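Colleague: Each residue of the sequence shown is one higher than the one before, counting from 58 in our numbering.
Simulated from the structure, these hints should not be mistaken for lab results.
Because the structure is a prediction, the values reported are computed rather than measured.
The beta carbon of each residue, even a glycine, is placed where N, CA and C say it ideally should be.
Now the in silico label distances, taken between C-beta atoms and shown as ranges:
1. I140 - G207: 12 to 20 Å
2. P115 - V151: 42 to 50 Å
3. L154 - G187: 33 to 41 Å
4. Y143 - I208: 12 to 20 Å
5. G207 - I164: 22 to 30 Å
6. P115 - F144: 32 to 40 Å
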Amino acid sequence: MTQPSDPNAQQPWPGGPPPAPGYPPYGAPAGGPPPAPGYPYPGAPPAGYGQPAPGVPPGMYYDPASGLTLPEGVVLATIGRRIGAYFLAIVLWVVTLFIGYIIWGLIAWGSGRTPVQQVLGLRCWNPESGRPAGWWRMALRQIIGGICEGILGWITQLVSFILFLTRKDRRCLHDLVGGTVVIYDPHKVLPR
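Can you make the complete structure from the sequences, with help from the hints?
Modeller: Written out as structure tokens, the structure reads:
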């Protein structure tokens with residue numbers, strides 16, 4: 058009589074490492090419902106998780122929550138971080154006596170950020186080109202987008218805030234005008 062093999066033993070695993078302890082080897086019955094198509098074993102992450110998806114350039118990943126392709130090492134800025142940036146901008150406007158903020162902003166736009174984004178580690182990303190926003194796109198976002206947000210005063214600002222809260226890519230009105238999304242780059246992986 059042969060002894061049943063240990064399902065946790067190190068066995069060859071086609072296309073990758075052996076299964077984690079507690080999972081049966083590939084192709085072995087799991088004792089429950091069959092795994093969903095595309096899953097190599099029960100409880101495995103979805104296909105493509107942690108690996109580049111087909112058609113995604115090297116160094117990028119597809120973020121299913123936002124539907125965007127982003128650089129590895131960055132994430133879409135959270136709602137709290139963006140709201141905090143808004144209030145920090147007010148403080149910086151006052152501290153730098155407005156003119157300092159404007160000069161700082163004109164310099165920071167070249168690297169695809171505002172002064173507040175520079176302080177908080179945020180960047181404006183252009184999903185269409187797959188690169189950080191340049192000086193002209195930032196000018197479009199900040200100047201024309203700012204005018205669009207201020208046309209009807211608090212009404213357009215409220216519409217912009219509602220867009221920001223309800224869109225999965227967290228774009229507000231000036232992001233839509235500039236064609237950008239705001240990402241968080243904690244490890245400074247994007248070029249300056």
